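Please work from the sequences and hints to get the whole structure.
Protein chains in written order, with full-length UniProt numbering: chain P, 1 to 445; chain E, 1 to 445; chain S, 1 to 445; chain F, 1 to 445.
FYI, nobody ran anything at the bench for these hints, they're computed from the structure. Every value quoted in this text rests on a predicted model; they were computed, and no experiment measured them. Certain hints may be false.
Since the list gives no way to pick out one identical chain from another, each pair is judged satisfied if it fits inside one copy or across any two copies.
[Said to hold, decoys possible] Using 20 Å as the maximum straight-line C-alpha spacing, the simulated DMTMM-like pairs for lysine to aspartate or glutamate come out as follows: (1) Lys373 with Glu235; (2) Lys313 with Glu123; (3) Lys261 with Glu432; (4) Lys313 with Glu338; (5) Lys127 with Glu47; (6) Lys220 with Asp257; (7) Lys299 with Asp340; (8) Lys113 with Asp188; (9) Lys373 with Glu14; (10) Lys402 with Glu234; (11) Lys342 with Asp55; (12) Lys373 with Asp211; (13) Lys113 with Glu14; (14) Lys212 with Glu27; (15) Lys373 with Asp328; (16) Lys212 with Asp414.
Number of protein chains: 4
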Amino acid sequence: MKDVGIIAVGGYEEVGRNMTAIRVGKEIVIMDMGIRLDRIQIHEETEIEKMHSLDLIQMGAIPDDKIMNNVDGNVVGIVCSHGHLDHIGAVPKLAHRYNAPIIGTPFTAELIKQEIESERKFEVANKVHPVQCGEFFELSRNISVELIRVQHSIIDCAFAALHTPYGIILYACDFKIDRTPIIGEMPDFKRLKQIGKEGVLAMITESTNVDKSGKTPSEKIARDLVWDTLLGTEETENGVLVTTFSSHIARLKSIIDAAEKMDRIPVLLGNSMERYFGTALKMGYVKKPDNLRIFGYRKSINKEFKRIIDDGKEKYLPIVTGHQGEPDAILGRVASGETDYKLECGDKIIFSANVIPNRLNEANRYSLETKLKMRGARIYDNVHVSGHAFREDHWELLRMVKPEHVIPAHGSLDMHAAYTQMAEDTGYEFGETVHILRNGQELSL
Amino acid sequence: MKDVGIIAVGGYEEVGRNMTAIRVGKEIVIMDMGIRLDRIQIHEETEIEKMHSLDLIQMGAIPDDKIMNNVDGNVVGIVCSHGHLDHIGAVPKLAHRYNAPIIGTPFTAELIKQEIESERKFEVANKVHPVQCGEFFELSRNISVELIRVQHSIIDCAFAALHTPYGIILYACDFKIDRTPIIGEMPDFKRLKQIGKEGVLAMITESTNVDKSGKTPSEKIARDLVWDTLLGTEETENGVLVTTFSSHIARLKSIIDAAEKMDRIPVLLGNSMERYFGTALKMGYVKKPDNLRIFGYRKSINKEFKRIIDDGKEKYLPIVTGHQGEPDAILGRVASGETDYKLECGDKIIFSANVIPNRLNEANRYSLETKLKMRGARIYDNVHVSGHAFREDHWELLRMVKPEHVIPAHGSLDMHAAYTQMAEDTGYEFGETVHILRNGQELSL
Amino acid sequence: MKDVGIIAVGGYEEVGRNMTAIRVGKEIVIMDMGIRLDRIQIHEETEIEKMHSLDLIQMGAIPDDKIMNNVDGNVVGIVCSHGHLDHIGAVPKLAHRYNAPIIGTPFTAELIKQEIESERKFEVANKVHPVQCGEFFELSRNISVELIRVQHSIIDCAFAALHTPYGIILYACDFKIDRTPIIGEMPDFKRLKQIGKEGVLAMITESTNVDKSGKTPSEKIARDLVWDTLLGTEETENGVLVTTFSSHIARLKSIIDAAEKMDRIPVLLGNSMERYFGTALKMGYVKKPDNLRIFGYRKSINKEFKRIIDDGKEKYLPIVTGHQGEPDAILGRVASGETDYKLECGDKIIFSANVIPNRLNEANRYSLETKLKMRGARIYDNVHVSGHAFREDHWELLRMVKPEHVIPAHGSLDMHAAYTQMAEDTGYEFGETVHILRNGQELSL
Amino acid sequence: MKDVGIIAVGGYEEVGRNMTAIRVGKEIVIMDMGIRLDRIQIHEETEIEKMHSLDLIQMGAIPDDKIMNNVDGNVVGIVCSHGHLDHIGAVPKLAHRYNAPIIGTPFTAELIKQEIESERKFEVANKVHPVQCGEFFELSRNISVELIRVQHSIIDCAFAALHTPYGIILYACDFKIDRTPIIGEMPDFKRLKQIGKEGVLAMITESTNVDKSGKTPSEKIARDLVWDTLLGTEETENGVLVTTFSSHIARLKSIIDAAEKMDRIPVLLGNSMERYFGTALKMGYVKKPDNLRIFGYRKSINKEFKRIIDDGKEKYLPIVTGHQGEPDAILGRVASGETDYKLECGDKIIFSANVIPNRLNEANRYSLETKLKMRGARIYDNVHVSGHAFREDHWELLRMVKPEHVIPAHGSLDMHAAYTQMAEDTGYEFGETVHILRNGQELSL
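In structure tokens form, the structure reads like this:
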């Protein structure tokens, strides 16, 4: 057994259910514990909250951490990089099996707590520690973790740098290189270059969009697209509905700001809208405009829709759930005529989101758009930019951090292949310094 | 014979070689005379300047205006909407067959003159009249043409409103609805609504991008993308080359402005770069930055490249021709190692252009990119937004102008089909008020 | 009002819900009354059998025949070209509104009767007349209909030639030009050429696959593909399941014949398998192999699966429903582990079908294949050839029948556009002799 | 240094320029020496015959065998699997650097000799040994090579089994599992299973089509498609031209056989047609029909075309080069009107070939088809089946041969990734028993 091991638990053959274990001698740190939702979707009816982890593992919905039994060492910490479900969604199912604290930035930590609270099958007693970017948290006498600020499509996202006797190991999953973010500051390039100089033994990094040419546009571009779409029209009296990711606080802020410019009242509608944006408000990441209205429960949403119709559609900008075509989300219910918000010819539906690429979402979106169009709505699709680094952003990060070894994660073998080729361009060698792992494998360094 | 006829001469079965004749009683006005370059490209070697119009007609490269012999009436004017070759490129081959003046905005008129000058086969004696947007030009006692300001991917672009005894006929080809353009003002919505109220008998409009969902982003978004790409990097010492459409003056301005922010000297290289940007400078559409350098001839370009290399790549931002992979353009020559500008690992090539969608361009681009990558260059593709209206822009224009009849042009039958379905959504009926024409057909109104 | 009218009732803007009305003076003949299943699919739960026609019309699921109220004339007959649901599926919902007999070939007529029997909302009392290909049926003093043999993906498929005082009108929907069919004879080219000489006023024809290059391969090719797949393997001891269209009797015959060559017992499983193949057996279109087993009810299917497993998978070739991924079909139940037929590593699933191209089928197939693969199954996809004519088949038919007018049907505007361009190649002119209609429009001749 | 090494020289990052070196102790056997034509195509003008190997290496057109200098051992043999240029095309450029004989089946050996003869830069003196499938050739005291019959898209194709003191190493590149081939017998499954039992240390195998579902259809299906297309028409008086791969002798045989059924005289036209088919005739792989005419030189082709036109197009079936749109091939010259074979409306062009997927071929094909269509020709595209194994064929081979280690070759990283996943399904482990190599890497066993 060598001194350091990188164990690919989940997310190395798919997008979703991310989990990596880093063994340093006989101590282990776990990075992320995520869920894979499309493995839930293909089954007719499932209630995740009540399911056992072993069933979820068999479905391929959460990481198969049974392999951890073969790893010689004790887990001393669980670090979560950010609050998306493919990074924290399996915490309620798996964390209780480890006697270790959970670490994340304040927003991430808060979301983890909420996940744990809504769990119905397991009792999860691990302590959750909020840690600010720029700070260190001591996991053991030998190992401490430092969170480093980056940008992504959720606020308070971080890289985790493990400081170990063998050098730094950087977990760099889910990021974009955004110099003009809407909330928060640009990634901490200075610190990244510094650890690059200190010596990084290994970097584990996402490969989701590495096959896309160029760089990911800044979230500022997304804001401008949203504004260009909402404000750039002569047809200002129509109903307008916007839908986006509930957890994308920066995007929601841009849309709410647009409402002010349009002289409309922004109304957030939907359970997850209330939960995520409410949390961000409560924690001070965003300020609440005086006229912002928020409703999470079906009954109050129905009432609000009725009020909007009575008062005049043209005075409101409802921001709703349902961008992936989920039939039970607010937009799906509007499309099916189940609410008082009746669509008329010329009403606009703005999707400030991409379709998360899988067949089930595509089918749901097709059904949704068909229903919307049959009611006369006009569709503005993909008013959006990605939160994942494109190829040249990966190129820059790799050359900044200069790790001795790099391991693409967070994607399928094709994505790892694309990452590998990019890394080869700047001098890494496949199998020697850039490594492809399959779920369940350990790379010894 | 009815009183008004819309004659589809060219561009109704393809993108390119646009030409529409509008017959009002026995007087005819021709709208645009363009060329179709991909019908030239499929042949091994052709020198257009020296070719006869009949040969070009047989190749499908210019409009087949022989059908004009069957139209009863006299041509009283040739109006060109803007200066792209698919709208003015056949003027040197066809205009001399009509005893009529040519009308265009000042920039368009200037480009038409240049086209006529470089013709080697025909003598073209038609008078070219520059007319400002907002002004009228009397073509006959009965007919006058008014140019109305719009935006597109070239400056000084206009709609042409024919004022006739039977009502207004609007030729609305090649536009985007851009409220935040980089050069010039937004489209003249006020006037468009006004003629909508005065009564528009027919509108002929492009259908190129009507199958794209939503609205075309503003050119301001393109500028921000260019800046995000050029400025948003930690690797500031590399060579950087940008390529874009030579006739896209606004885009060139954005790139030149970026050079200033990057603290680099902008250098325009290439024959058409010099011609188009030089014309725009001379006519006052843009101001020349003190440090801007422009070279059109091969020899001086070679010298400039040598100078740049000697002085240090990191001080310059060359802006070059070759975005479609044309092997003889500057970027092609750099890729083949034929210039002194030697590419090194990490140098960046920014394509601020899309690939104009045809197989030959795709092949040329593939060859170009392969060569560039083999020399270590990093590719930033499609840092660009379109100059053609998307579906919802068409929707807005149609509802603003409210023509009695609408005829999609500037595209294939598929694009006309997509336009038709959009028009049906707002109440037009196929064959009654929205009409599909094939090259050579006349619609009588 | 001219003497002959072609009224596009349904299927002119979509694939599905076909219905065309042909008015001859004051007499009307209806061609097909089909359903559009994907307009049902986008809704959560619907029971067609119990729904009212007006609701189905609003959903876009059946032809909107309310426009028939505006047509001056009496319906004297309803002719169905073949037994697919997009051609006969709306008979139970609409036929009772017309006091007219229903005509089809014997197999088609039998399927129509079954549809009528399973209807739960309406009482349908129209008489159903089976007519052999090659025979005439007198609809009125002026009009008789002749059925002409063609090939498609269901047996006993026919063109309908209306003989009228104004010439012949040929309804040529759903066909392939197959000279080596598995069941029945090749299309009756001799008769088609003959009516071409007699003079065809108009031909209405499908356009589904006219955008596909070349000609549709014969069903004999499909048989050879099935045999190549089933017999061409060294792994002969595995479980093998085949799925195909229940109504595709010729394909089922080829699969059953393969079973004999494999020395396995063929077992047809599924409700619609029993219904369609049973009908074909009963009517003598196919002969029953002695060892063929057929089970339609869930309970008996379960029992049969248990028996197969007990006796040895390698002795049987189950032929099951579920090729489009329908979750309740037999293959879906096998994939979910709901039957005793447990899949093991290396078991083969043969899809002798394409995915009918819409997002919902694609999603269902994705879910199905994912589940199958998770159980170790190997997938053989698209062991199939189309039943719809490709471009050059259309070219041949058009030149054989030489109609004065041709109207593409059975498809979207894009498909009609592709048909139009093919017709133009052989001399037809758009708007003059080749016509595009939208649902609800009448073409007067 | 371990005892056995697999050295990936070329073809491990691309399709083309295949070359693998197998080191057994201090003896080396080279498998294939191919060329990559698309790396030639992207340059304007190149004459391969006169180029130096080092220039071709730099262009990426032939394997970079400079790495062989670092391999400790002597080359004792060069074995070529079949006669395609991506397997033998670099022999004239590289073989002279090794003092070793060249081994191939008789047809392959003959083609190698022809390649060597046409070389203009290097003197190649290696002895070329024809070896029959089923026979062994002793390369040294320790190593012998056995050729094993398989099927592909060229005749006399073989796997090479190296018998070494450490076990068998099977080079299994370019094959399809075809039980009903048109020429020759089905692959030697018996022998493959036998060596599987004897113990195969490693298998190197192509991965070109492993991402395609199911199995490759037999060449018999291709013959039936060709016949269905050529014979299945009522328009029998038109001109018909067929184009296919010159080296695909079985396909040519099927087309020539079709000519007899059509009662037309088959005429092979083109330089490479004459060379490949002539060689096959001379060596007895096919029998010459009495009426077959063959012409290779431009002048005699021109004369033959004139004769055909004079005698009547409907009596001949010209089989020509040019399926990839090569402008100088016969079909390209017909399309450009450079021959006496004038196309008329309704003449048929049958492409019994796929477009080899790269942008340059796609562009050439587009140009070719555009010109053909402008002259009235009807296109039948892709009347073809592949010569490369699909996923389930790979599955069967792998389970038949049961190698200890398997290495995908002949493809890009994506294809290797797809192969890896297939191998994992049957129990191989990535990095342990299924290995991905990059050009230049050695795998030690």
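Hint-by-hint comparison with the structure:
1. Lys373 with Glu235: within (18 Å within a copy, 45 Å between copies)
2. Lys313 with Glu123: Classified as neither; 46 Å inside a copy, 45 Å across copies.
3. Lys261 with Glu432: This pair counts as neither: shortest intra-copy Cα distance 55 Å, inter-copy 41 Å.
4. Lys313 with Glu338: Close inside one copy (17 Å), not across copies (49 Å); limit 20 Å.
5. Lys127 with Glu47: neither (26 Å within a copy, 51 Å between copies)
6. Lys220 with Asp257: both (13 Å within a copy, 19 Å between copies)
7. Lys299 with Asp340: For Lys299 and Asp340, the Cα distance is within 20 Å only inside one copy (12 Å; across copies 45 Å).
8. Lys113 with Asp188: neither (27 Å within a copy, 55 Å between copies)
9. Lys373 with Glu14: Only across copies: Lys373 and Glu14 sit 15 Å apart there, 34 Å inside one copy, limit 20 Å.
10. Lys402 with Glu234: Cα proximity of Lys402 and Glu234: across copies only (14 Å, versus 51 Å in one copy).
11. Lys342 with Asp55: between (42 Å within a copy, 18 Å between copies)
12. Lys373 with Asp211: Answer is between: at 15 Å across copies they meet the 20 Å cutoff, but 33 Å inside does not.
13. Lys113 with Glu14: neither (26 Å within a copy, 49 Å between copies)
14. Lys212 with Glu27: For Lys212 and Glu27, neither the intra-copy (37 Å) nor the inter-copy (44 Å) Cα distance is at most 20 Å.
15. Lys373 with Asp328: within (18 Å within a copy, 29 Å between copies)
16. Lys212 with Asp414: both (13 Å within a copy, 15 Å between copies)
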